[in-house]
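S.K.: Chains A and B, in that order, are what the protein sequence lines are.
Heads up: the first sequence runs through residues 8 to 201, numbered per my numbering.
Heads up: the second sequence runs through residues 70 to 246, numbered per my numbering.
Treat the hints loosely; a few may be bogus.
Pairs of lysine-lysine residues, derived as BS3-like cross-links and limited to a Cα-Cα distance of at most 30 Å, are as follows [to be verified]:
| id | chain 1 | residue 1 | chain 2 | residue 2 |
| --- | --- | --- | --- | --- |
| 1 | B | LYS135 | B | LYS87 |
| 2 | B | LYS241 | A | LYS58 |
| 3 | B | LYS230 | A | LYS58 |
| 4 | B | LYS230 | B | LYS241 |
It is worth saying that the hints were derived from the structure and are not from the lab.
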Amino acid sequence: MSWHPSESQLHNFLDDELQGEELHAVQSHVEDCAECQTNLASTRALLHELKSLPTEAQTAPTPWNPPVQHQLNTVSPRFLAIAAGAAIAIFAAGIFAGISMRPFSVSRPRVGDQGRAQLTEEIQHSGTQYVTAIARWRRGESSKVGADQGREAALATLYGAAYELQKLQPEDRRLKSIVRSIHDLRDIDLESKR
Amino acid sequence: MATVVGMESEFWLARSLKQGSDQAFEVLYAQQYRSVYALALRLLCDPGTAEDVVQEVFISVWRGIKGFRGEGSILQWMHTITVRTAIRRWQHHPEVQLDEEMILRYEQTATRVFPDIRIQLERAIAMLPAGARTVLLLHDVYGHTHSEIAALLDVAVGTVKAQLHRARNLMKQELQR
Numbered sequence: 008m009s010w011h012p013s014e015s016q017l018h019n020f021l022d023d024e025l026q027g028e029e030l031h032a033v034q035s036h037v038e039d040c041a042e043c044q045t046n047l048a049s050t051r052a053l054l055h056e057l058k059s060l061p062t063e064a065q066t067a068p069t070p071w072n073p074p075v076q077h078q079l080n081t082v083s084p085r086f087l088a089i090a091a092g093a094a095i096a097i098f099a100a101g102i103f104a105g106i107s108m109r110p111f112s113v114s115r116p117r118v119g120d121q122g123r124a125q126l127t128e129e130i131q132h133s134g135t136q137y138v139t140a141i142a143r144w145r146r147g148e149s150s151k152v153g154a155d156q157g158r159e160a161a162l163a164t165l166y167g168a169a170y171e172l173q174k175l176q177p178e179d180r181r182l183k184s185i186v187r188s189i190h191d192l193r194d195i196d197l198e199s200k201r
Numbered sequence: 070m071a072t073v074v075g076m077e078s079e080f081w082l083a084r085s086l087k088q089g090s091d092q093a094f095e096v097l098y099a100q101q102y103r104s105v106y107a108l109a110l111r112l113l114c115d116p117g118t119a120e121d122v123v124q125e126v127f128i129s130v131w132r133g134i135k136g137f138r139g140e141g142s143i144l145q146w147m148h149t150i151t152v153r154t155a156i157r158r159w160q161h162h163p164e165v166q167l168d169e170e171m172i173l174r175y176e177q178t179a180t181r182v183f184p185d186i187r188i189q190l191e192r193a194i195a196m197l198p199a200g201a202r203t204v205l206l207l208h209d210v211y212g213h214t215h216s217e218i219a220a221l222l223d224v225a226v227g228t229v230k231a232q233l234h235r236a237r238n239l240m241k242q243e244l245q246r
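Next up, chain A with everything else stripped away, as it sits in the complex (with noise of 0.2 Å):
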């Protein structure tokens, strides 16, 4: 026999897929095709086999718990958009603020050093408390009204700081940028909220 349905069409045929002349053209073959006939055998049978599947759990269900008001809370794209561009402006302020006191600052006034290395510090913690407001949140340690007010502050002094930093190295265009992305930020977290 030199022409054989293709293991597709053999499926198709199995689930009442095909019809016309495709159909009828199958059927007439597998009618006398030994070699089509127990191929489809084997998959008659797997497919029983299958169907014959329990399809529920035999175990007792886990204690339900209801959900707190947490989870139900939908957490927007904006949202997520928000405490992922926080994170990174953070991250990417507080790295910069770190690079900029190098020894090459060693002629700058020494008061500008300690002036930065306050900042820096303050960029570091509001950094931190607005992602932990964020975090606390999502996991239920604090209502909602309680981590959007923690995460202004924080954002607020994050702002501030980085401001201030950036007065101290107005020629620095990398954290001017940063800057600028954190004013956005809070532009977006304001909006949000609307």
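Start from chain A and add chain B according to the hints.
M.R.: The following block gives chain B in isolation, referenced to the frame of chain A:
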């Protein structure tokens, strides 16, 4: 008659759920936990992750019940959520590939969870690639149609058929070893 009664009780269950009844939700949980867990376990082949997914599914149901339009059964809708949650897990943790140890652990759980099953069959399903496994489970075990699966996975019907045929052929090869 049983079907009519079933449909009617499901209608009232869906209505109570939409009204925010905690009691209705407990009924739904008691009714459907075993089914959702069975599907999640077979899709993910990891008991711990499957339990997490079940919790996620019920939270999604709680949150989204108002959007349930009743075009299919609640269980069908829950299957959709279960599959989508499992797919998200795969997307977020692509490094999780089933190795021999995981399959053995899965077999131990499956033997406990599904008494009297053919373990070779469950093993062959577990060894399928994730996409093929999903389609085979939904079509050949849970009885969803090609077009329902296509809509659920957001792919063409032809893709579903191709995955299904591939899955069956791989199953036959594995079981003939």
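S.K.: Are the hints correct? Go through all of them and say.
M.R.: Structure-based check of all given hints:
no.: 1; hint: B:LYS135 to B:LYS87; in the structure: holds (5 Å)
no.: 2; hint: B:LYS241 to A:LYS58; in the structure: holds (15 Å)
no.: 3; hint: B:LYS230 to A:LYS58; in the structure: holds (17 Å)
no.: 4; hint: B:LYS230 to B:LYS241; in the structure: holds (17 Å)
Checked against the numbered hints above, the structure breaks none of them.
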